[in-house]
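J.: Please model the entire structure based on the sequences and the hints provided.
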Amino acid sequence: KKEIEVKMKTGMKKEQAIYDTLRLYIKACKNIRFDGNGYSDEWKEEAQKRGLNCETSVPLIYDTYISRESVELFETVGVLNERELHARNEVKWETYTKKIQIEARVLGDLSINHIIPVATQYQTMLLDNVYKLRGVFDEKQANELNKDDLALIVDIARHISGIKTNVDAMVEARKVANKIDNEREKAVEYHDKVLPFFDVIRYHIDKLELIVDNQMWPLPKYRELLFIS
Numbered sequence: 001k002k003e004i005e006v007k008m009k010t011g012m013k014k015e016q017a018i019y020d021t022l023r024l025y026i027k028a029c030k031n032i033r034f035d036g037n038g039y040s041d042e043w044k045e046e047a048q049k050r051g052l053n054c055e056t057s058v059p060l061i062y063d064t065y066i067s068r069e070s071v072e073l074f075e076t077v078g079v080l081n082e083r084e085l086h087a088r089n090e091v092k093w094e095t096y097t098k099k100i101q102i103e104a105r106v107l108g109d110l111s112i113n114h115i116i117p118v119a120t121q122y123q124t125m126l127l128d129n130v131y132k133l134r135g136v137f138d139e140k141q142a143n144e145l146n147k148d149d150l151a152l153i154v155d156i157a158r159h160i161s162g163i164k165t166n167v168d169a170m171v172e173a174r175k176v177a178n179k180i181d182n183e184r185e186k187a188v189e190y191h192d193k194v195l196p197f198f199d200v201i202r203y204h205i206d207k208l209e210l211i212v213d214n215q216m217w218p219l220p221k222y223r224e225l226l227f228i229s
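Residue numbers for the sequence shown follow the numbering used here, beginning at 1 and rising by one.
Simulated from the structure, these hints should not be mistaken for laboratory data. Note that beta-carbon positions come from the ideal geometry of N, C-alpha and C, so glycine has one too. Among the clues, some could well be false.
[Unchecked claim] With a Cα cut of at most 25 Å, we get these calculated SDA-like pairs of lysine to any residue:
1) Lys207 / Lys140
2) Lys2 / Arg23
3) Lys92 / Ile61
4) Lys132 / Asn113
5) Lys30 / Gly11
6) Lys14 / Val77
7) Lys98 / Lys2
8) Lys140 / Thr124
9) Lys179 / Asp109
10) Lys92 / Asn81
[Stated by the list, open to error] With beta-carbon atoms standing in for the labels, derived distance ranges:
11) Leu210 / Asp181: 42 to 52 Å
12) Ile112 / Phe34: 25 to 35 Å
13) Glu172 / Leu24: 53 to 63 Å
14) Asn178 / Asp41: 33 to 43 Å
15) Arg202 / Arg88: 53 to 63 Å
16) Asp109 / Asp41: 44 to 54 Å
17) Glu15 / Gln48: 56 to 66 Å
18) Asp181 / Phe34: 35 to 45 Å
19) Ala151 / Gln48: 21 to 31 Å
20) Asp138 / Ile112: 56 to 66 Å
21) Asp206 / Asn129: 20 to 30 Å
22) Thr165 / Lys132: 28 to 38 Å
23) Asp168 / Ile228: 23 to 33 Å
24) Leu60 / Asp155: 34 to 44 Å
T.: So, in structure tokens, the structure goes:
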């Protein structure tokens, strides 16, 4: 607005002053404009080529709000001062931590109290079938018939172990993070040390979802979510 007003004081018409100012800003922001898919790896690669900040850690991204350039911008337009920006960042870091805390607790609860019991129950059914076949057929026939069930039993055991091990490790990582008083450091710790367990646990649960009897599975599956109103 100030730039437009300065141009108008020189006798330039308002419309022309707006066009000239916009033209300068359009040229200035060329480096951050991308016409493709902003969520794709293509944009990440292009952004790196352009020398742009490609940070993906949410707690670290919040640092931008209190950078020298950001503080100058907000203070210049009279929106927020430096102290207010720092205060808002404290809230942002705390909110991020709370969200990851809640998601971690829910994930742990679903894994231990819902997924593992059902997977174990289905595994027991397979084991029962193996023993019954061995009681009916001779050893060679039983081994042949039980081959697939035994493979599933091993897979289920492996994924159950993967879930339990990583949930326990995630809980310990949370305990360490919770001892940190600084909100930024705590948020970074949750991002770097707690959040990575989500994908690992999710992997094992997804694999069990493909193995366990559909009627026994306690949660909606992806295909079922399409039809939930």
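J.: Evaluate each hint against the coordinates.
T.: Okay, the hints, checked on the actual structure:
For the proposed pair Lys207 and Lys140, the alpha carbon gap of about 30 Å is over 25 Å, so the pair is violated. For the proposed pair Lys2 and Arg23, the alpha carbon gap of about 15 Å is at most 25 Å, so the pair holds. At most 25 Å may separate the alpha-carbon atoms for a hinted pair to count; Lys92 and Ile61 meet this at roughly 11 Å. Note on Lys132 and Asn113: the hinted pairing is violated, with a Cα-Cα distance of about 29 Å set against a maximum of 25 Å.
A hinted pair counts as satisfied when its Cα atoms are at most 25 Å apart, and Lys30 with Gly11 does not qualify at roughly 29 Å. For the given pair, Lys14 sits about 21 Å from Val77 by alpha-carbon distance, which is consistent with the 25 Å threshold. Of the pairs offered as hints, the one joining Lys98 and Lys2 is violated, with about 41 Å between alpha carbons and a cut-off of 25 Å exceeded. A threshold of 25 Å between alpha carbons decides the hint, and for Lys140 with Thr124 the separation of about 22 Å falls inside it, so the pair holds.
As the CA atoms of Lys179 and Asp109 are separated by approximately 22 Å, the hinted pair is consistent with the 25 Å bound. With a C-alpha separation of about 17 Å, the suggested pairing of Lys92 with Asn81 holds against the 25 Å cut-off. The hinted range of 42 to 52 Å is satisfied by Leu210 and Asp181, whose Cβ atoms lie roughly 43 Å apart. For Ile112 and Phe34, the Cβ-Cβ distance of about 43 Å falls outside the hinted range of 25 to 35 Å, so the restraint is violated.
Taken as a hint, the range 53 to 63 Å holds for the pair Glu172 and Leu24, whose Cβ atoms sit roughly 54 Å apart. Asn178 and Asp41 have their C-beta atoms about 35 Å apart, which keeps the hinted 33 to 43 Å range intact. Checked against the hint of 53 to 63 Å, the pair Arg202 and Arg88 fails, with Cβ atoms roughly 32 Å apart. In this structure the hint that Asp109 and Asp41 lie 44 to 54 Å apart at CB is violated, the actual value being about 34 Å.
Distance hint check for Glu15 and Gln48: the Cβ-Cβ separation is about 39 Å, which falls outside the suggested range of 56 to 66 Å. At roughly 40 Å, the beta-carbon separation of Asp181 and Phe34 lies within the given 35 to 45 Å, and the hint holds. Taking 21 to 31 Å as the suggested C-beta distance range, the pair Ala151 and Gln48 does not conform, at roughly 44 Å. Range check, Asp138 to Ile112: Cβ separation about 41 Å, and the 56 to 66 Å hint is violated.
Roughly 24 Å separates the CB atoms of Asp206 and Asn129, a value that falls within the hinted 20 to 30 Å. Range check, Thr165 to Lys132: about 31 Å between beta-carbon atoms, so the 28 to 38 Å window is met. The supplied range of 23 to 33 Å is met by Asp168 and Ile228, whose beta-carbon atoms lie about 32 Å from each other. As the Cβ distance of Leu60 to Asp155 is approximately 38 Å, the hint placing it in 34 to 44 Å holds.
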